[in-house]
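The lines below spell out each chain.
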Amino acid sequence: MAKGTQGGFWQRLMAIDRRVIFLAVGIAVSAPFFLPISPKIHITPEVESLYNALKELPAGSKVLFPFDYDPPSAPELQPMAVAAITYCLENDLKMVIMGLWPQGPQQANLALASVIEGEVGDVITYNGKTFKYGIDWVNLGFQEGREFVIQRMGSSFAAAFPRDYRGTPVDELDLMRGVTNFNNVDFVFSLSSGYPGTIEWVQLAGDRFHARIGAGNTAVQAPMVYPYYRAGQLTGILGGMKGAAEFEVLVGVKGGFGTRAMLSQTFSHAIIIFFIIVGNIAFFVGGRPSRLKGTEEV
Amino acid sequence: MKREIPLIITGVVGIVFIVQFFIPHEPFSSLSDIFSDWFSIIEACAIWLGALNLIKLSLDKLGKPMLLVTSAIVVVALIVGIVGAPDEFLAGRFPLILFAVAFLLMALGQYSRSKMKPDWFFALTTIASFVIMLIAGLAFSGGRTFQEPGTHYDYLYRSVYTPLSSTMFAMLAFFVASASYRAFRARNREAAMLLVAAFFVMAGRVPLAEFLGTLTPDAFSGAWATTGGFLSGAADWVMNFPNAAGQRAIMIGIALGIVSTSLRIILGIERSHIGGE
Amino acid sequence: MPTPTIISARRPTSHPRVFTAVIATLALIVAFGARNVAAQEPAEVTDTTAIVEAALTPPAPPANILADDAPNDAGGAIIVRWDKSPDEGAGLDNVGAYQLLRGRSPNGPFDTVGTMTAGMTEFNDGDVEDGIDYYYVVEVIALPSPDHPNVEPPVSISRPSQPARSSAQWIHMGRLNSLLAVVILASSILYFISKAKGGEKLFIRKIAGLEAVDEAVGRATEMGRKIFFIPGIQDMNNVQTIAGVTILGRVAKMAATYDAKLDVPVPRSLVMVAARETVKQAYLDAGRPDAYDEDMVHYLTDDQFGYAAGVDGMFVRQKPATIFYMGAFFAESLILAETGNSIGAIQIAGTAMPAQLPFFVAACDYTLIGEELFAASAYLSREPKQLGSLKGQDVGKFFILLFAIGGILLATFGVYNISHWFLVR
Chain A
1 MAKGTQGGFW QRLMAIDRRV IFLAVGIAVS APFFLPISPK IHITPEVESL YNALKELPAG
61 SKVLFPFDYD PPSAPELQPM AVAAITYCLE NDLKMVIMGL WPQGPQQANL ALASVIEGEV
121 GDVITYNGKT FKYGIDWVNL GFQEGREFVI QRMGSSFAAA FPRDYRGTPV DELDLMRGVT
181 NFNNVDFVFS LSSGYPGTIE WVQLAGDRFH ARIGAGNTAV QAPMVYPYYR AGQLTGILGG
241 MKGAAEFEVL VGVKGGFGTR AMLSQTFSHA IIIFFIIVGN IAFFVGGRPS RLKGTEEV
Chain B
299 MKREIPLIIT GVVGIVFIVQ FFIPHEPFSS LSDIFSDWFS IIEACAIWLG ALNLIKLSLD
359 KLGKPMLLVT SAIVVVALIV GIVGAPDEFL AGRFPLILFA VAFLLMALGQ YSRSKMKPDW
419 FFALTTIASF VIMLIAGLAF SGGRTFQEPG THYDYLYRSV YTPLSSTMFA MLAFFVASAS
479 YRAFRARNRE AAMLLVAAFF VMAGRVPLAE FLGTLTPDAF SGAWATTGGF LSGAADWVMN
539 FPNAAGQRAI MIGIALGIVS TSLRIILGIE RSHIGGE
Chain C
576 MPTPTIISAR RPTSHPRVFT AVIATLALIV AFGARNVAAQ EPAEVTDTTA IVEAALTPPA
636 PPANILADDA PNDAGGAIIV RWDKSPDEGA GLDNVGAYQL LRGRSPNGPF DTVGTMTAGM
696 TEFNDGDVED GIDYYYVVEV IALPSPDHPN VEPPVSISRP SQPARSSAQW IHMGRLNSLL
756 AVVILASSIL YFISKAKGGE KLFIRKIAGL EAVDEAVGRA TEMGRKIFFI PGIQDMNNVQ
816 TIAGVTILGR VAKMAATYDA KLDVPVPRSL VMVAARETVK QAYLDAGRPD AYDEDMVHYL
876 TDDQFGYAAG VDGMFVRQKP ATIFYMGAFF AESLILAETG NSIGAIQIAG TAMPAQLPFF
936 VAACDYTLIG EELFAASAYL SREPKQLGSL KGQDVGKFFI LLFAIGGILL ATFGVYNISH
996 WFLVR
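Those protein sequence lines, which keep their order, are chains A, B and C.
Residues 1 to 298 in the numbering used here are what the first sequence lists, from first letter to last.
Residues 299 to 575 in the numbering used here are what the second sequence lists, from first letter to last.
Residues 576 to 1000 in the numbering used here are what the third sequence lists, from first letter to last.
A portion of the hints provided could be inaccurate.
As the list claims (entries may be wrong) - Cut-off 27 Å, straight-line C-alpha distance, at most; resulting in silico cross-link-like pairs (DSSO-like, lysine-lysine): (1) C:Lys972 to C:Lys770; (2) B:Lys362 to B:Lys300; (3) B:Lys415 to C:Lys960; (4) C:Lys960 to B:Lys300; (5) C:Lys855 to C:Lys836; (6) C:Lys781 to C:Lys972; (7) C:Lys772 to B:Lys300; (8) C:Lys836 to C:Lys894; (9) B:Lys415 to B:Lys362; (10) B:Lys354 to C:Lys894; (11) A:Lys55 to A:Lys254; (12) C:Lys855 to C:Lys960; (13) B:Lys413 to B:Lys362; (14) C:Lys836 to B:Lys354; (15) C:Lys894 to B:Lys415; (16) A:Lys254 to A:Lys40; (17) C:Lys836 to B:Lys415; (18) B:Lys413 to C:Lys894; (19) A:Lys40 to A:Lys55; (20) C:Lys855 to B:Lys300; (21) C:Lys659 to A:Lys55; (22) B:Lys354 to C:Lys855; (23) B:Lys413 to C:Lys855; (24) B:Lys413 to C:Lys659; (25) C:Lys972 to B:Lys362; (26) C:Lys781 to C:Lys770.
Claimed, not checked - So, partial list: chain C residues that the calculated Cβ filter (under 7 Å) puts toward chain A: (27) Thr690; (28) Thr696; (29) Phe698; (30) Asn699; (31) Pro929.
Claimed, not checked - Stretches of chain B that chain A covers, calculated by requiring three or more beta carbons in the stretch to come under 8 Å of a beta carbon on chain A: (32) 434 to 445; (33) 468 to 478; (34) 488 to 500; (35) 503 to 516; (36) 530 to 541.
No wet-lab data here; the hints were simulated from the structure.
Just so you know, these numbers come straight off a predicted model, no measurement behind them.
Glycine included, every Cβ here is placed at the ideal spot set by N, Cα and C.
With the hints as constraints, model all of the structure from the sequences given.
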């Protein structure tokens, strides 16, 4: 790749050292955490649609939570998980947690720990109410096999997950009695950052086994998932940090990380836009370099 | 026969998977489940191949004296782990004993070849991290329930692995900025369209206009709110229409490419991946 | 309460009017007091009964229980459908859940098969044996009464369904459209393969990224620096990884011919094994078996960002001249590509992950987009059989374009009743 050319101010502006850009982005991302400003969050239709789908579920409904992400994606997806778990605990929805990614069930425990009062144990407390493991929620753990696991769950959850993450046989868990396959769960809330993830859940659980699915995805994966929302195969999408912030507002999570981080994201987008504008001004004013033969750069 | 057997296996399994999609009757549906299970088992067992290769290459870079010292420390640590491990067969002692034997054999095998290389420190860190995590997870985290909150494994996961992974992912923010600065130049018509679309999506996916409204007098807040709504709507339109259409077109092309490549592999026309022509 | 007339302790007068007045006053006091007591505590006995009666009233049972063999499966499943209870969303509006029970006789005994929340009217019972008649009944369980949590919610039960028997089907009727598409596509691919084998020259457009492979390998040889080949982050069951490893074979052959050093860090053990075979064969074909070292292809880690960190470290320390990214990538794509860009390497990328294409386009010199990755092997080898498959692929694309245009026209004129022909169940 050709390096920046020497000479004139505009030429130098077209080839700013990347460390300057890194420094500017670093300041833009971290400064907002010290500013007492709350950004106004505008709710998009796809997030509202997902929230409405959850609102339709009566108390006692079972929500399957596939946690298909790992720590790197946690800044975007963990706020969604926290808000979703908060909603379930407040509205007495039963949670069946599982993961097609090895770290997924642990991320679920972390999310649960940040919502409840005290530690995650057999009995947890939230807002003065107690919830019991095995009755109000279960964590089936991780299962190797990617989309084949979903396929197997279509006929039998117990075949795919004979034991929960503690090693307890699932037929000894009250919540899992009567949960044979996707007919017995009322909603699938897929939290995913890649493969296997939302697309596999849509293609198998949704299309083949007719499960109702809502999705929370990273900003990078969301564009790939939008076609499924437009086709009606997803009830809604939470896309990236903004989707997390919007969902926090709808659920009523105060001071959620998604909302707090929106200002940080706003500043970083603004800095990137600024540099792009500067680069283009330098490009047009400073004279375009000659195009290399045979190359077509976009 | 070295090439023919993999080709036959590939052909048979490929055809079974295609047929079971259209013929649900037994034995096709259970055959595809069986083959999937076999692949999962092979994949899980193959992890050791890679792990041992990694350890072997790391030992290669240490040089003889450091290899001896490292091996001694690792063996002692493994013995401590074996002694302290729970009795559960597959979650405690047995894998540690297996690994200890494999490690000793590798260290002996690599001793004569080992030469200190410039990146010896990274190799040492690799071996140390591997052994610490292995012992913490298998020996001192309660066996099968090693992922439960409060175990040593969980502590290492939350305190070491999670911050490291998150840091690597966070670097994307910086790299996106530098890549965007370099790439989004209106060199031609298509690049200019890309630039405009990128501007709307970046500005519309965050409450930028609303934030700018807080910096200006209140009289302008309505205008900023309208601008913010417009940008957000524009971003949604770009994501839901041109982006979705483009994604679908690329996905259709990819699907056709996958069908064609899969057919070549199943029929044995494509053999490079198994060492053929 | 009015101050009662004091009844003195002396002997009451025997005067009848006074006596009557006293009795009347006492009666008034008792009646007034009783009325006050009644105002404070409602008529408990009567109202409690009514409430308990309401809590004990079960919802009306659902009607029209229909049980049928689940279509297009391997047997062992029956689909049960029913009309919702008249008391769901109307009437008593007290439906809490439905419970499905199954038995082998219309008179029972019945076993519970599944429980569903109100609103559900269908259940797929996947736990039956083929060839046996089953009868189903649906129980409706009322909502628990919040005022009487100790009262068991009442239940009503429907009439049993007609007998249903599961069986396996040989043909999945919902996928005939897919079968037709696969037959057309496969036939066109095989047709063009046979045409190519017969000697016909097939035109393939230039792909800039693949034309540059020679130049990239040559650059590494001249500079005396390494070629790095990253075959993606997925395992051998992913077609993109197979495509990547196939391209690795071609690149390895060129590297062997030009005597360039090759380094292939991989994130999966099976990929390591397959890539080693490929590279070894490539070196053999180039007549350079002596130059092959199995440690050229080595495993790093399965972890996505651990792999990215390890590879980035290698890039920065070893400063390769050329980097190939060929396979399936996720978020690490930009981390790798930007690091490669920062060290001045020439980078050629190819992936079928739409989300990662923009990052590679921004950071790499050449990018193979989507199907170009799968065409690369055929393009580089120029083998007639492989080129023929590319032509066959184009026939498939032609049909898809035709249907897309047709669908747009039909949708524009509001004709939607043939879109279900394209649905794959």
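Among all the numbered hints in the text so far, which are the ones the structure does not match? Failing hints, ascending: 2, 3, 24, 25, 28.
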